[in-house]
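Here is what each chain is made of, one letter per residue.
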Amino acid sequence: MADERMNPDETMAEQAFLRVRDLQAGFGGRVLMREVNFDVHAGEIFCILGGSGSGKSTLLRVLMGLKEPQAGRVFYGGENFWAGDEESRRGIMRGTGVLFQGGALWSSMTLVENVELVLQQHTDMNAEDTRAQAVLKLALAGLAGFEDYYPSEISGGMRKRAGLARALALDPRILFLDEPSAGLDPVSGRMLDDLVLELRATLKATFVIVSHELQSIFAIADNCIYLDAASRRVTARGRPTELVRDPATEGNALRFLTRGADRGAERDWHEITAV
Amino acid sequence: MQSSSRKAPLRTANRVETSWVRQDSLRVNVGGQWRMGESARRDEIARAFDALESGRARLLTLTADGLGAWDSSLLVFLVRLAGGARAGGIRVRLDLPDGLARLLSLALAVPADADAGRKETEEPFLAAFGGRVLGLVPGITAFFLFLGEFSQACHRLTRGRAHMRAQDFWEAVHECGVAALPIISLTSLLFGLILAFVGSVQLTQFGAQVYVAGLVSIGMLRIMGAVMVGVVMSGRVGAAYAALTGSMQVNEEVDALQAAGIHPVDFLVLPRVLAMSAMAPLLTLYADIMGIVGGFLVAVTLMGINPYDYLNTTVQLTPFRHVSVGLVYGTFFGVIIALTGCFHGMRCGRSAQGVGLATTTAVVHSIVGIIVATAVITVAASALNV
Numbered sequence: 001m002a003d004e005r006m007n008p009d010e011t012m013a014e015q016a017f018l019r020v021r022d023l024q025a026g027f028g029g030r031v032l033m034r035e036v037n038f039d040v041h042a043g044e045i046f047c048i049l050g051g052s053g054s055g056k057s058t059l060l061r062v063l064m065g066l067k068e069p070q071a072g073r074v075f076y077g078g079e080n081f082w083a084g085d086e087e088s089r090r091g092i093m094r095g096t097g098v099l100f101q102g103g104a105l106w107s108s109m110t111l112v113e114n115v116e117l118v119l120q121q122h123t124d125m126n127a128e129d130t131r132a133q134a135v136l137k138l139a140l141a142g143l144a145g146f147e148d149y150y151p152s153e154i155s156g157g158m159r160k161r162a163g164l165a166r167a168l169a170l171d172p173r174i175l176f177l178d179e180p181s182a183g184l185d186p187v188s189g190r191m192l193d194d195l196v197l198e199l200r201a202t203l204k205a206t207f208v209i210v211s212h213e214l215q216s217i218f219a220i221a222d223n224c225i226y227l228d229a230a231s232r233r234v235t236a237r238g239r240p241t242e243l244v245r246d247p248a249t250e251g252n253a254l255r256f257l258t259r260g261a262d263r264g265a266e267r268d269w270h271e272i273t274a275v
Numbered sequence: 001m002q003s004s005s006r007k008a009p010l011r012t013a014n015r016v017e018t019s020w021v022r023q024d025s026l027r028v029n030v031g032g033q034w035r036m037g038e039s040a041r042r043d044e045i046a047r048a049f050d051a052l053e054s055g056r057a058r059l060l061t062l063t064a065d066g067l068g069a070w071d072s073s074l075l076v077f078l079v080r081l082a083g084g085a086r087a088g089g090i091r092v093r094l095d096l097p098d099g100l101a102r103l104l105s106l107a108l109a110v111p112a113d114a115d116a117g118r119k120e121t122e123e124p125f126l127a128a129f130g131g132r133v134l135g136l137v138p139g140i141t142a143f144f145l146f147l148g149e150f151s152q153a154c155h156r157l158t159r160g161r162a163h164m165r166a167q168d169f170w171e172a173v174h175e176c177g178v179a180a181l182p183i184i185s186l187t188s189l190l191f192g193l194i195l196a197f198v199g200s201v202q203l204t205q206f207g208a209q210v211y212v213a214g215l216v217s218i219g220m221l222r223i224m225g226a227v228m229v230g231v232v233m234s235g236r237v238g239a240a241y242a243a244l245t246g247s248m249q250v251n252e253e254v255d256a257l258q259a260a261g262i263h264p265v266d267f268l269v270l271p272r273v274l275a276m277s278a279m280a281p282l283l284t285l286y287a288d289i290m291g292i293v294g295g296f297l298v299a300v301t302l303m304g305i306n307p308y309d310y311l312n313t314t315v316q317l318t319p320f321r322h323v324s325v326g327l328v329y330g331t332f333f334g335v336i337i338a339l340t341g342c343f344h345g346m347r348c349g350r351s352a353q354g355v356g357l358a359t360t361t362a363v364v365h366s367i368v369g370i371i372v373a374t375a376v377i378t379v380a381a382s383a384l385n386v
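Top to bottom, those sequences are chains A and B.
First residue of the first sequence: 1, per the working numbering; consecutive thereafter.
First residue of the second sequence: 1, per the working numbering; consecutive thereafter.
Chain A on its own, in the form it takes in the complex (with noise of 0.2 Å):
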């Protein structure tokens, strides 16, 4: 089955870290997707893809448990991430951190009080080593010295970066990105990505990374699903290079994935078929 494919770096025949299966997602009646199962590896950079409102960032906010599936299940380690109650998914999320599409530093407060903030929320330290886990976070993520700037005060690009630190704050297993490259110049773009593959290698965390960028869908995934707003599933999966070649993806993936060089040039533009 292609959904079990594993990461070949990965020697371990463990179990999936995190699972989802038959994930029906959507607002009120409308459903955005169908039959959605992935499995995601301990340590692996894997790619939600699709075009704008294909619910890539619907898929994401379930996964986080923001949003309530209309069906299916969502594992994490084993656990039935919406089958407990709000307490064990909190439970769940502290071993999780996010990166939200803008960002979403709490605006009222500086960089460093954002990193603060999650981990007074959910360790007994002293006020002194949080400070001192809060600022190395920061630094981590390239931004030592901006500790008391506030989130109106810096770039976008930086933004992100603060964000991600703030994700990091809690030492996460998994980490979820929304966009990360998204309304960034290429330059801090591919930053922002060199960023995710040292912090792979360094802290052995996995990604899920919500994105449309292909230029960063290349150069850092190991893994990907492409969800297809026309059918509302996932129509192709696998490495991003796989993905490109496979003829069973050919179609939407294919004109997705290579678009912007020639888009549809395969298409005869004289003809239209009833559908």
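It is possible that part of the hints are untrue.
Cross-link-like lysine to aspartate or glutamate pairs, in silico, EDC-like; alpha carbons within 20 Å at most [as the list claims (entries may be wrong)]:
id: 1; chain 1: A; residue 1: Lys204; chain 2: A; residue 2: Asp171
id: 2; chain 1: A; residue 1: Lys67; chain 2: A; residue 2: Glu86
id: 3; chain 1: A; residue 1: Lys67; chain 2: B; residue 2: Glu149
id: 4; chain 1: A; residue 1: Lys67; chain 2: B; residue 2: Asp255
id: 5; chain 1: A; residue 1: Lys204; chain 2: A; residue 2: Asp222
id: 6; chain 1: A; residue 1: Lys67; chain 2: A; residue 2: Asp85
Selected chain A positions facing chain B (Cβ under 10 Å, derived; list incomplete) [to be verified]:
id: 7; residue: Arg61
id: 8; residue: Leu66
id: 9; residue: Gly103
id: 10; residue: Ala169
id: 11; residue: Asp178
Taking CB as the label site, the calculated pair distances span [unchecked claim]:
id: 12; chain 1: A; residue 1: Ser108; chain 2: B; residue 2: Val293; range: 35 to 45 Å
id: 13; chain 1: A; residue 1: Asp129; chain 2: B; residue 2: Thr158; range: 26 to 36 Å
id: 14; chain 1: A; residue 1: Ala230; chain 2: B; residue 2: Ile183; range: 55 to 65 Å
id: 15; chain 1: A; residue 1: Phe218; chain 2: B; residue 2: Ala87; range: 52 to 62 Å
id: 16; chain 1: B; residue 1: Arg42; chain 2: A; residue 2: Pro186; range: 49 to 59 Å
id: 17; chain 1: B; residue 1: Leu136; chain 2: A; residue 2: Asp85; range: 27 to 37 Å
id: 18; chain 1: A; residue 1: Ser108; chain 2: B; residue 2: Gly235; range: 13 to 23 Å
id: 19; chain 1: A; residue 1: Arg190; chain 2: B; residue 2: Arg41; range: 51 to 61 Å
id: 20; chain 1: A; residue 1: Asp129; chain 2: B; residue 2: Leu157; range: 47 to 57 Å
id: 21; chain 1: B; residue 1: Leu157; chain 2: A; residue 2: Ser108; range: 19 to 29 Å
id: 22; chain 1: B; residue 1: Glu38; chain 2: A; residue 2: Ser108; range: 26 to 36 Å
Just so you know, the hints here were simulated from the structure itself, not pulled from any lab data.
It should be emphasised that the depicted structure is a prediction, and the values quoted were computed from it without experimental measurement.
For glycine and all other residues, C-beta sits at the position ideal for the given N, C-alpha and C.
Using the hints provided, position chain B relative to the given structure of chain A.
Then chain B, alone, in the frame of chain A:
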């Protein structure tokens, strides 16, 4: 009709020529100049659609012989035609210039999402009215859910497990306490003045000017001080809370709190409601005093009442229960304002427009809430004889 198609395209108005190539094959040729805003040949366009809807056609060929300059107005027509054909299961062939064919394919590439469309139908008055009333239900349900979450937050607070920062509480205390004093001073002082003026006109007729003191003090202490505070704070604090929590919602900051395992209600709502319910009675007392000072100024300077008499009458005519009733009003108003402001902010949609709407709704609802609460407390107070 095709014979005319090779005419020079210059300065000719748009043309639509419809012809049957075979029994089931329709050909529509567009020609001439297509400019947005220039009058279209409605009869020719209608003929094309009539032919398409006749049910005979299996194939529609679009051609552009003699087409001059064109813009989106041509595209609109072709999209309607080709889209209509496609919906009717008719094959469409494009024999068009490359740019036009590409644009048309692009416009038709993604079939309209059936459930994405918004259904807006004209409703009869009664149905619309009923719909509006039923539309209130989710809002009311959400408010009670919010109240439930808030009481859970209070419960966690009593067990010392609420995710609330003391710093946020003290900032809120400052914001709805000291920072509000200037505007409360102004409005209450003026209101005391107004009460004294209006009262004096009537009371002078009976030669009972000195009772202006009682009118002002009872009026202010029992109800008007609290109402002044309520109205001013709705605009000041209710709107600020709605805008703040609303823009945090837009910015995903509320989601970030949840993702960090922090209850947003504990963190955002609790300190503000607590601060407001602590400060509102104090502000009410302050407004009472300012109102009495206003009345005093009018009475002494304009009505020539002896200052000592005025103060004496004030003390004689105002038993303490009026003060306590006023404080009850004030406390309720404070809680209503803070809860309404936060509720609308938390419910805010993810847009700048949503924040604006949340803010205005918060102010309107808290003022309505204040008036309703005034009515309820007034009835309760008279039933309890206080």
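These are the hints, each one checked on the structure:
1. The straight-line distance between the Cα atoms of lysine 204 of chain A and aspartate 171 of chain A is roughly 10 Å, inside the 20 Å bound, and the hint therefore holds.
2. The straight-line distance between the Cα atoms of lysine 67 of chain A and glutamate 86 of chain A is roughly 12 Å, inside the 20 Å bound, and the hint therefore holds.
3. For a cut-off of 20 Å, the pair hint linking lysine 67 of chain A to glutamate 149 of chain B stands: about 17 Å separates their Cα positions.
4. Among the hinted pairs, lysine 67 of chain A with aspartate 255 of chain B is consistent with the structure: their alpha-carbon atoms are about 10 Å apart, no more than 20 Å.
5. Taken as a hint, the lysine 204 of chain A and aspartate 222 of chain A pair is honoured in the structure, with Cα atoms around 14 Å apart against an allowance of 20 Å.
6. The suggested pairing of lysine 67 of chain A with aspartate 85 of chain A holds, with an alpha-carbon distance near 13 Å, which does not exceed 20 Å.
7. Nearest Cβ of chain B to the Cβ of arginine 61 of chain A: about 8 Å, under the 10 Å cut. The hint holds.
8. Here the hint on leucine 66 of chain A is kept, as its CB sits about 6 Å from the closest CB of chain B, short of 10 Å.
9. For the restraint placing glycine 103 of chain A at the interface with chain B, the shortest Cβ-Cβ distance is roughly 8 Å, inside the 10 Å limit, so the hint holds.
10. For alanine 169 of chain A, the interface hint holds, since its Cβ comes within 10 Å of a Cβ in chain B; the closest pair sits about 8 Å apart.
11. A distance limit of 10 Å between C-beta atoms decides the matter here; for aspartate 178 of chain A the minimum to chain B is near 8 Å, and the interface restraint holds.
12. Evaluation of the 35 to 45 Å hint for serine 108 of chain A and valine 293 of chain B yields a pass: the beta carbon distance comes to about 37 Å.
13. Aspartate 129 of chain A and threonine 158 of chain B have their C-beta atoms about 29 Å apart, which keeps the hinted 26 to 36 Å range intact.
14. Between alanine 230 of chain A and isoleucine 183 of chain B the CB atoms are about 56 Å apart, so this pair conforms to the stated range of 55 to 65 Å.
15. Between phenylalanine 218 of chain A and alanine 87 of chain B the beta carbons are some 40 Å apart, a value that contradicts the proposed interval 52 to 62 Å.
16. Separation of arginine 42 of chain B from proline 186 of chain A is about 51 Å and conforms to the stated range, judged on CB atoms against 49 to 59 Å.
17. Judged by the Cβ atoms, the range 27 to 37 Å given for leucine 136 of chain B and aspartate 85 of chain A holds: they are separated by roughly 31 Å.
18. As the Cβ distance of serine 108 of chain A to glycine 235 of chain B is approximately 21 Å, the hint placing it in 13 to 23 Å holds.
19. Checked against the hint of 51 to 61 Å, the C-beta distance between arginine 190 of chain A and arginine 41 of chain B comes to roughly 55 Å, which is consistent with it.
20. Take aspartate 129 of chain A and leucine 157 of chain B: their Cβ atoms lie about 26 Å apart, and the range 47 to 57 Å is violated.
21. A beta carbon spacing of about 21 Å between leucine 157 of chain B and serine 108 of chain A agrees with the range 19 to 29 Å that was offered as a hint.
22. Distance hint check for glutamate 38 of chain B and serine 108 of chain A: the Cβ-Cβ separation is about 55 Å, which falls outside the suggested range of 26 to 36 Å.
Checked against the numbered hints above, the structure breaks hints 15, 20 and 22 and satisfies the rest.
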